[in-house]
Amino acid sequence: MSAPSASEQRVRVWDLPTRLFHWTLLVAVVTLVVTGNIGGNAIDIHARVGMGVLALLAFRWIWGLIGGRWSRFWVFVPSPARLIRYLRGRATAQDHPQAGHNPMGAFSVLAMLGILSAQALTGLVIDDEIAFSGPLVSLVSGGLVSASSSWHRGWGADLLLLLIGLHVLAIVFYRLVKRRRLVKAMVTGDEDLPTGTPAARDDALTRLLAAVVLAACGAGAWWIWQWGQSQSAGF
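Numbering (our numbering), first residue to last: 322 to 556.
For the record, the hints were derived by calculation from the structure and aren't laboratory data. Hints should not be assumed to be uniformly reliable.
[Claimed, not checked] Per label pair, the in silico range of CB-to-CB distance:
1) S400 x T516: 22 to 28 Å
2) L487 x T509: 20 to 26 Å
3) S459 x N358: 24 to 30 Å
4) N358 x L386: 31 to 37 Å
5) I366 x F428: 29 to 35 Å
Quick reminder that beta carbons are idealized off the backbone N, C-alpha and C, glycines included.
Work out the full structure, taking the sequences as your base and the hints as a guide.
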């Protein structure tokens with residue numbers, strides 16, 4: 322890794338929990354896309370991985386409130402004034418435009434989290450009327466089951482693929498045009514940024530906190546799955 326220039330310093334931008342979330346989610350989403358298109362017996366894998374994604378997303382929404390500085394929504398989601406400055410090319414040093422997500426990237430992250438969350442939640446109440454029913458399908462009306470199933474397999478899946486494509490194109494654009502290695506930063510956690518850029522906290526205590534939060538989210542997803550299985554067995 323090359324040393325930063327005299328006007329820059331190496332800054333921890335992405336804490337370890339955020340990086341692990343990112344790469345685990347990537348693997349999980351690829352698995353969901355593949356198994357969802359295969360269908361058949363692969364749907365059981367799709368459903369189980371989907372519950373894992375539900376736990377990951379719950380973790381990320383919470384971590385967006387208490388995680389490392391640049392992972393927090395209130396830091397990377399721009400105010401209207403900051404967004405206008407960015408669009409006009411007049412971002413100030415206090416805006417830290419090179420740290421973490423720029424304003425447009427922030428909106429793409431929120432869109433991705435939103436669509437993934439919608440997919441995970443609708444997956445809880447879908448019914449293919451053949452071999453699979455979501456774990457919470459017995460708690461909602463037939464109309465909601467039908468609407469959720471239609472969204473999950475239709476617009477929701479299409480929007481997710483569109484956002485993934487745009488995400489990949491943005492990474493390629495930044496690498497080739499702006500010479501920023503976004504993937505590398507999400508692996509190492511560090512970027513060479515202007516001196517004075519605040520770093521994200523990423524120590525043993527924050528990692529322990531992340532582990533506790535993730536364990537709680539995982540336990541919640543597991544409970545929902547087990548409850549659904551018990552309801553199915555009762556019919």
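Verification of the supplied hints:
| no. | hint | verdict |
| --- | --- | --- |
| 1 | S400 x T516: 22 to 28 Å | holds (24 Å) |
| 2 | L487 x T509: 20 to 26 Å | holds (24 Å) |
| 3 | S459 x N358: 24 to 30 Å | holds (27 Å) |
| 4 | N358 x L386: 31 to 37 Å | holds (35 Å) |
| 5 | I366 x F428: 29 to 35 Å | holds (32 Å) |
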